[in-house]
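Colleague: Spelled out from the first residue to the last, the chains are:
Number of protein chains: 4
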Amino acid sequence: MSINVFEHPWLSGLFGDAEISAIWAADAQLAHMLAFEAAWSRARGACGLSDAQEAEATAQAIESTTIDGDDLRRGTGIDGLPIPALVKQLKAIAGTKDVHLGSTSQDVIDTALAITLLKSLDLFKSRLEEIVGQLAQLEQRFGDQAMMGRTRMQAALPITVNDRIETWRLPLQGYLKRIELLRPNIGVVQVGGAVGNRAALGDHSECIVASVAKALDLNVSDRAWHVMRDTVVEAATLFSLISGSLGKLGQDITLMAQQGVGEITLSGSGGSSAMPHKQNPILAETLVSLARYNATQVAGVHQAMVHEQERSGTAWMLEWLTVPQMALATGSSLLLTKKLLASVERIGEAG
Amino acid sequence: MSINVFEHPWLSGLFGDAEISAIWAADAQLAHMLAFEAAWSRARGACGLSDAQEAEATAQAIESTTIDGDDLRRGTGIDGLPIPALVKQLKAIAGTKDVHLGSTSQDVIDTALAITLLKSLDLFKSRLEEIVGQLAQLEQRFGDQAMMGRTRMQAALPITVNDRIETWRLPLQGYLKRIELLRPNIGVVQVGGAVGNRAALGDHSECIVASVAKALDLNVSDRAWHVMRDTVVEAATLFSLISGSLGKLGQDITLMAQQGVGEITLSGSGGSSAMPHKQNPILAETLVSLARYNATQVAGVHQAMVHEQERSGTAWMLEWLTVPQMALATGSSLLLTKKLLASVERIGEAG
Amino acid sequence: MSINVFEHPWLSGLFGDAEISAIWAADAQLAHMLAFEAAWSRARGACGLSDAQEAEATAQAIESTTIDGDDLRRGTGIDGLPIPALVKQLKAIAGTKDVHLGSTSQDVIDTALAITLLKSLDLFKSRLEEIVGQLAQLEQRFGDQAMMGRTRMQAALPITVNDRIETWRLPLQGYLKRIELLRPNIGVVQVGGAVGNRAALGDHSECIVASVAKALDLNVSDRAWHVMRDTVVEAATLFSLISGSLGKLGQDITLMAQQGVGEITLSGSGGSSAMPHKQNPILAETLVSLARYNATQVAGVHQAMVHEQERSGTAWMLEWLTVPQMALATGSSLLLTKKLLASVERIGEAG
Amino acid sequence: MSINVFEHPWLSGLFGDAEISAIWAADAQLAHMLAFEAAWSRARGACGLSDAQEAEATAQAIESTTIDGDDLRRGTGIDGLPIPALVKQLKAIAGTKDVHLGSTSQDVIDTALAITLLKSLDLFKSRLEEIVGQLAQLEQRFGDQAMMGRTRMQAALPITVNDRIETWRLPLQGYLKRIELLRPNIGVVQVGGAVGNRAALGDHSECIVASVAKALDLNVSDRAWHVMRDTVVEAATLFSLISGSLGKLGQDITLMAQQGVGEITLSGSGGSSAMPHKQNPILAETLVSLARYNATQVAGVHQAMVHEQERSGTAWMLEWLTVPQMALATGSSLLLTKKLLASVERIGEAG
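Chains as they are written, first to last, in the numbering used here: chain U, 1 to 351; chain D, 1001 to 1351; chain S, 2001 to 2351; chain H, 3001 to 3351.
Okay, chain U solo, but in the shape it has when bound:
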């Protein structure tokens, strides 16, 4: 039973998003880490750093093993991250010291992060497309209806429903393009080794990087991005842009649903324990909360740019504390928007 709203036994009824949670779940992370270690072994074989046959056997052993999670937990308590314990388990399983050799904890965890960010973007993309479709439908159904245009919280001049919905839809379409632009930068394998310069790989460096990247369907880079976190910031920024634009949509709907304004009718949801007659626009409200939440978290991700030297534990862990939560919030925000838009019965000036 988690305390965190996104995975909380009952608050997840509102905030929960099973798909994004599955993408960030510990077992998915572990699967990516094992995939990295297997790819690493095969790369060592392919590039002549290990015996190719043994390397393949090692990779297969890694792929077919079951990891002792309690041991990872103990190891994380001692080493600050699970990789030393994981590697020890894998070495025992594979019966070779060649596991992980030339790599480092950050390579494994950050490569898993890159994969996870890509999967998140893919999910967000498909949901954005659905939402853009829902909005287009609402425009078709209600777009020509009259509505009061409101600026600075005051009635200004009449608009149509289309005018309002367009301001919700256009940014989301923009984010679809941005996801495409960002994908290649974010989906980059992390290979640096102990101090980030791939020194342990010698002349085989390029070969190893290419081989691991190919196995994991990621891009290569000329250098490890251990301490160059701009793409992580960009991913987090995109998360917050998405939830921010949906927050604007949510804020609008809470305002449209007010008595005396009556510009929208929503079906279902929003019961009060004190007033059975009331119907609260809870989905719309939650969108605003999630927008403000991500707007808060993104500051932490920017703070995490100040890495010391070849690797900062401090800055790196600050990402662990903020980036997954932002992804969950963005996923939740998209899911709630879909529900919210599906519940729209009418938009436009009160009859």
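Among the hints, erroneous ones may be present.
Quick list of in silico lysine-lysine cross-link-like pairs, DSSO-like style, CA-CA up to 30 Å [what the hints assert, rightly or not]:
#1 H:K3278 - H:K3339
#2 U:K125 - H:K3339
#3 S:K2088 - S:K2119
#4 S:K2119 - D:K1214
The set of hints was computed from the structure by calculation and includes no laboratory data.
Position chains D, S and H against the provided structure of chain U, taking the given hints into account.
Modeller: Relative to chain U, chains D, S and H alone:
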């Protein structure tokens, strides 16, 4: 398996704090909510709003029931909070409509929050006392040792170890006093009813509030604090002050542990997957991360002050997203400090 | 011509607050710094560290001099702070090397900060009192009027205007008490010397601190607070609490002023360049912006708690970047509230 | 005399950047606003909404006038922005009501913002190029020197100076590309009119937008971006990315300059008022402060995405409070980096 580092299957090996997690766990929250509803029923009986005997029977039914969590989850998805579903369950169990009558969801959830904040402060207080004790011991053991005083990252003039440790200890002692000052403000029962003015309680308002407060060992207030969140901000501020001061301690220790500086020796922990010879000051690093994390979150709690009208769902949920996480981070931070200080083998100028 | 809205040639017409600006102005800071240096010289005389008569002459020379600001600017560019250049000027003026002796830059600047924070709190207190009075008057004039209570942006149950205004007034009254509680903690002289331990003062330390504190009407402390910034955080928190509660008031008024709601009538202000008929509740809107601004800044002040060793330039400068701006925002917020409340012509249900 | 560090009489000696200040200065903003109004008049003429000759005369009158700043200040106090007052002045000057007709305050101010953001990016680009050049030179001079690679604040394995500098240089080169990518999105004219849908322009809308955009050397868009602030967030993000990467560089240099580490020698600067022998790496420290400052501010810009309806005064003003400051901080950060790198006398392992 939670994604959140504080409850993550293996990252909790570093960040986890079973005691603070137990305080914020869903089942603890539910227990407080049931305690509120039971106290509420008895208060209605004692103040003449319900038949006293029936009220007592209702309270006992509430206290001895088992709640269907799945139903709370479903209910939260529909109503945005678990209370309508909870109250429906309780009414069925108690066989009366008098359950919760005159109260509202926010009364229940915020009263549970007040209890939870108090319990958190109590835990933090006892840990701060232990840490102050540990620091006093370190001062006794190493206090007279010489050390270079360093300002703006440069050697300045010699100091003693006492000079350094005192800057770690004094703020913590100050927080012990602040906890005492804050306790009465934070431990206030929430009673407002539908629109926060206790109107449904009529002349019985004072009696009900006093009765509920007494049963739950909380203070009374003249008014509901539904939309007046200054004490929540103050609690969150104290959390961040604590983790902030421990972050300074952690930052210092990472600097002292550097090669070429060597002002501290730590036992155990900090293995590297790439360099077995290395020992990373991971506990100290984590303190810095947690300080920066709470410094990030506290902005969200301040943003949540902008409540609309008699109650803002938006602002309130922003607290749910940030305050529990801050408590977990502070608990974790205190726990790690205890471990870190226990691992100090030597402080002072390198021999 | 400043770019910053609080001092901008025309944006200051909205955001500007001459009184709080005067408190934080560079010349006021310089005056406090000179007052510190004069008090320091006299303290040295009184405590036997310098010849008493010469010390008095030095103090008078410091008090009656005019400082070359360009030189301070040059000096700050070189040394990162103005004190080395200032001290050099003062030594030349006073014709003695005893100026500043045993003190350090941070003592001077932080003591000036303490004085400035106190003056800010005094201004805020008197404005809070005025606003509480204005609110009490509004309660007298309109308090019994009916109004719809609104929760989660939906009409709930009828309330009175008093119910709404009380939620604006009570937190402000609480801040009056908090200011009293905080004043002694915040108004503490900074004396630490080169590495913060007052070592250069030897046995005269207590005498010097008491003497300087008395001269500047500040409290003493047992130790320098160079790296213990909890009181700065507390001051910043109070600033943000004030602007946060006023942000709630502002948010409410923007909602009350909506067409279709019509729960408030404001006189004057708010013209639009496109729609002469419109009247925007700009003062209320600005309160929300300032609340969210301070809620953003306060995170920076918390980040600034992570001081390294005996003094962090990094963390300290982060305060310089955020704390004054927060004070300006809070002052502005109070001033705008006074104007806004004075413009209220009617509160209560639309006729 | 400004309180804000970037324009402060003496703190600007450290934080000030005359070039970026000139770009954001009020008079530059006014020039852009007048350029917009002149372009608007000419566009009305060109597109047949006004008499072409009169429109040209109006434009020339606007371009050659002197604006009464006090009046703008008064107007901002009343209307919340300077445009109604400005337009009134311009109408009087030009002797026609056609000035600004069909436009709105936000069109003027946001178009000025777009121009200002572009100019900022151009300045940053040229400075980034200089810094990349400086770094390349340092790599040439000292790149092959040995240095200890340090991870998690602990000595790890030997690297070369090149390895370290590369992690400073590469992100900056990436930002050069990002500036190119962002320029077209950011440099978009704002044309929406009263409620953002260009309704007042009727069939002339496209012509007007194209004409104004061309005159101001900006791009067109299909719709006003009044409430779609993603490009503002992206600009602010880029500012913070730049200062964040320079913060990493600064943090590294403070660590390299430590006694006992001695991996860098800097010339000049950093005097202490208490310890003449000390040399503080103040430029490097300031880079860290500015990175953390921008990381704080960026949260405010994200919060400002939650615009209500056709225009939010609240959210918009939150940008005014944060975005210019971020630009100043980024400018300052680049300028200080140039100075810092120019002061490097040696990098590499202590001899």
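Colleague: Look at each hint and say if it fits the structure.
Modeller: So, going through the hints one by one against the coordinates:
1. H:K3278 - H:K3339: Holds - the C-alpha atoms of H:K3339 and H:K3278 are around 19 Å apart, at most 30 Å.
2. U:K125 - H:K3339: violated (44 Å)
3. S:K2088 - S:K2119: Holds, at about 28 Å.
4. S:K2119 - D:K1214: violated (41 Å)
Of the numbered hints given earlier, the model fails hints 2 and 4; all others are met.
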